Amino acid sequence: MEKITYDKLQETLYHEKMDNGLEVYVLPKPGFSKTYATFSTKYGSIDNHFKVEGQDEVKVPDGIAHFLEHKMFEEPEGDIFSTFASNGASANAFTSFNQTVYLFSATDHVYENIETLVNFVQNPYFTDQNVEKEKGIIGQEINMYQDNPDWRVYFGLIEAFYKVHPVHIDIAGTVESIGTITKETLYTCYNAFYHPSNMLLFVVGGVEPERVLELVRENQVKKDYKPQGSIERIFDQEPNAVAEAKKVIKLPVSLPKCLFGFKDTRVGLAGEQLIRRDLVTKLMLDLLFGSSTKLYQKLYDMELISDSFGHEFNSDTNYSFSAVGGDTRDPDLLISTVKEEVTKLAEAGFERSDFERAVKKKIGGYLRMLNSPENIAHEFTRYRFRGGDLFSIVQLYESITLDEVNERLKEHTDWNQLAVSLVVSPE
Amino acid sequence: MTTTLFERGQVNQIRVHVLPTKRFKTFAVSLYAGVPLKEETVTKAALTPFVLRRGTASYPETTLFREQLEHMYGAGFGFDIYKRGNYQIVTFRMDTINDYFVQSADSLLQQTFSFLGDVFTNPLTENGGFRSSYVKAEKDNVRKKLESIINDKARYAAERCMEEMFKGDVYRLNPLGSREQLEGITEQSLYQSYSDWLQNAHLDLYVVGDTTLEEVTALVEKYFRLSRTSSPEYSHDAVEFRKGEVNSVIERLNVNQGKLNMGLRTEITYGDDRYASALMYSGILGSYPHSKLFVNVREKASLAYYASSRYDGHKGLATIQSGIEIQNYEKALNIIKEQLESMRQGQISELEMSQTKAMIRNQLQEMQDSAFEMIAYDFNRVLSGKDRPAEELLAQVEAVTQQDIVDAAQTFHLDTIYFLTGQKEE
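Protein chains in written order, with this note's numbering: chain A, 1 to 427; chain B, 428 to 853.
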């Protein structure tokens, strides 16, 4: 067991790598009633083409990582929600582009619940019948998102950016694509990505670290996992250019929804470099579009944006893009006004005082995030899967320079890499 | 279970509730301002916080106002407008880092009160009203918010169901007001209504963090410029019932998925001794993934992705919501009605009882780890007049018997069935 202390943050983290490769982290929170645990695999919707060392290359249907997540909750003896409920645990799961996370929170029977979490995720039970049944449920989940204009405008933008990379495929797939999923394809994906060496268990809350680690050690030894070779994730070459400059979707909305952003051409970053660029870009976007900026106020005064206006940056080794926007009466005027101001700022650079305030804001937001066990677990895992450390973020922020942010502004806001996604009413 | 004890005081006719604790890295501050929900005042009261967050006498320009929050290490600042029972409530929230974790020259708690006190009691005024450009822009903003309800179909269906259910009751009103009333509001009329609101609203200020009642009281006294003459108590009227047939409403819109929403009325409210039984009723019916609705509508019939119920003790109602294939309307409705009937008949297993108790216990215990959730729970006490600490509610839930739930089930009456469906005949 390794003990890592972060004095200034008043946090102590315990870590151990199990013999089968499973990474386990425990963050005790003295005084907290609840324990929150996540059991995550580095496997998401983009991993649809892969090869495990010593095995054949496979391509699998769109939406299968998410389908698998749903199906894990079924055990031979019934629904695992029932077992969690008997121990007062609230359980759930989610699938993103690059990970699948199973979780629970509970205030009683914590160690039993940890064991349930580990066991159900390590015990797949797929039958022809239960796979078919799930298609109706997920079909309704897909339909629900089809009616959601915020989701549609977001995915519309990713589709406008990416022609080849699977990030543009809806995480849940389509009714047609999930129709082709069988128990065999589910087992193929399960066996490839749910090996302990591709997974991370994070436990935060009112627990004793040694007891958690002892429990996991004993649990894993009994399961006798054989070592697995490395997983090669295969991505076909994505062109630098955007797939479509503008994508329009029709759905009933009160005002057009407009999301725009830039597709980065410099990809291939990993680890610290990827994380650093992420933070620099988010800082840069906040300096451009944050609610205290002159540009934001100008757009608001022109009644071009409302409280729905926001910005984000999403990246991994093989994709990287920003998404900015919200509801607007006039998408063209919004974008032309933004272009004019952003071009000026890219020339002049940000003011030092604005930059320093933005860093302060980010550090404050980070510290507030540490009040939430849920956020700690999610963010820690996300950083770990990228090869970084959530608890070193303050130092990283403090090391970012104004020049770096200004450089990034020039690099990222390349108007040849712009794409726009709109949702407008049918009439 | 950790006992949480708020220390209470009163200053400037504001009730002050403080929970001193070192568990969090922040100070959590909530200011509750409640007024009776009324057609004549709802829109102005809703517009007020939007204008207040544009600028104060100290920070008249919005960019300066927001920069100040960033100087305070990106202090969280926001507000919510909602209805609880027959009240319209505006809650301002601030979340500021405890000074220990950062290098700050002045106390961040003091800066928080200086800021919030300004927002609430020292707004920017011009010519006897608010700044007209702010009022104009925020009228437009609130209008857009009201119009955007249609974008989120699940929310739209839920609100339409309540509107149908409470025709003729103030609870039908949207807490953000109405577009028609926004039109006529001027910077002067809004300022006048704001002054009345400051004078007459029920005000409760909460702080959770590493502080004391004395410190908070002194800060409120210093930074909240109020000259209130009284501090009204929330009143607790008995709920009224619409008697008669179930009201069925079908509405058509361009949607892929149908939304089935139902409203039930009950005489059991938050202050009632049977409150724990009503919570158990809704829990077994549909609040969790082991509940009847999730198991029967989703897992067994594979009809929906979500199917759940929620109980609101402040108004005495329960809602059921599900998203389904349009042609499955009858099938889903029948399955849901069967579940309601099985509750009335007492078809409740020991396992359902113990699981639901464990889940409610978990929720009540988890609440202790979130400053804002502890505040929200305590505010129920203020609003309902019923002092029921979480420990006590927990003990009451543990004691609920199957017969108690069957008795509670008899008080839940299906009132409205609302279905949002596609435009084509299926």
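Don't read these hints as lab results, they were simulated from the structure. The reader is advised that the hints may include incorrect statements.
Straight-line alpha carbon distances no greater than 30 Å define the calculated DSS-like cross-link-like pairs of lysine-lysine that follow [unchecked claim]: (1) Lys563/B - Lys294/A; (2) Lys294/A - Lys465/B; (3) Lys183/A - Lys563/B; (4) Lys29/A - Lys17/A; (5) Lys298/A - Lys571/B; (6) Lys758/B - Lys183/A; (7) Lys572/B - Lys246/A; (8) Lys670/B - Lys29/A; (9) Lys59/A - Lys226/A; (10) Lys649/B - Lys594/B; (11) Lys742/B - Lys649/B; (12) Lys510/B - Lys135/A; (13) Lys163/A - Lys59/A; (14) Lys813/B - Lys594/B; (15) Lys449/B - Lys3/A; (16) Lys449/B - Lys135/A; (17) Lys282/A - Lys758/B; (18) Lys758/B - Lys135/A; (19) Lys572/B - Lys250/A; (20) Lys360/A - Lys594/B; (21) Lys133/A - Lys510/B; (22) Lys133/A - Lys764/B; (23) Lys133/A - Lys670/B; (24) Lys250/A - Lys727/B; (25) Lys298/A - Lys572/B; (26) Lys339/A - Lys571/B; (27) Lys250/A - Lys566/B; (28) Lys339/A - Lys566/B; (29) Lys59/A - Lys133/A; (30) Lys727/B - Lys339/A; (31) Lys360/A - Lys764/B; (32) Lys294/A - Lys566/B; (33) Lys8/A - Lys566/B; (34) Lys566/B - Lys298/A; (35) Lys758/B - Lys670/B; (36) Lys298/A - Lys465/B; (37) Lys339/A - Lys563/B; (38) Lys246/A - Lys571/B; (39) Lys571/B - Lys294/A.
Bear in mind the structure is a predicted one, so any value in this text is a computation, not a measurement.
Structure-based check of all given hints:
no.	hint	verdict
1	Lys563/B - Lys294/A	holds (19 Å)
2	Lys294/A - Lys465/B	violated (38 Å)
3	Lys183/A - Lys563/B	violated (59 Å)
4	Lys29/A - Lys17/A	holds (21 Å)
5	Lys298/A - Lys571/B	holds (18 Å)
6	Lys758/B - Lys183/A	holds (28 Å)
7	Lys572/B - Lys246/A	holds (26 Å)
8	Lys670/B - Lys29/A	violated (52 Å)
9	Lys59/A - Lys226/A	holds (24 Å)
10	Lys649/B - Lys594/B	violated (45 Å)
11	Lys742/B - Lys649/B	violated (37 Å)
12	Lys510/B - Lys135/A	violated (38 Å)
13	Lys163/A - Lys59/A	holds (17 Å)
14	Lys813/B - Lys594/B	holds (28 Å)
15	Lys449/B - Lys3/A	holds (23 Å)
16	Lys449/B - Lys135/A	violated (48 Å)
17	Lys282/A - Lys758/B	violated (48 Å)
18	Lys758/B - Lys135/A	holds (18 Å)
19	Lys572/B - Lys250/A	holds (20 Å)
20	Lys360/A - Lys594/B	violated (50 Å)
21	Lys133/A - Lys510/B	violated (40 Å)
22	Lys133/A - Lys764/B	holds (23 Å)
23	Lys133/A - Lys670/B	violated (41 Å)
24	Lys250/A - Lys727/B	violated (34 Å)
25	Lys298/A - Lys572/B	holds (20 Å)
26	Lys339/A - Lys571/B	holds (25 Å)
27	Lys250/A - Lys566/B	holds (28 Å)
28	Lys339/A - Lys566/B	holds (28 Å)
29	Lys59/A - Lys133/A	holds (23 Å)
30	Lys727/B - Lys339/A	violated (53 Å)
31	Lys360/A - Lys764/B	violated (55 Å)
32	Lys294/A - Lys566/B	holds (21 Å)
33	Lys8/A - Lys566/B	violated (45 Å)
34	Lys566/B - Lys298/A	holds (17 Å)
35	Lys758/B - Lys670/B	holds (27 Å)
36	Lys298/A - Lys465/B	violated (35 Å)
37	Lys339/A - Lys563/B	holds (27 Å)
38	Lys246/A - Lys571/B	holds (25 Å)
39	Lys571/B - Lys294/A	holds (22 Å)
In the structure shown, a violation is registered for the earlier hints numbered 2, 3, 8, 10, 11, 12, 16, 17, 20, 21, 23, 24, 30, 31, 33, 36, in ascending order.
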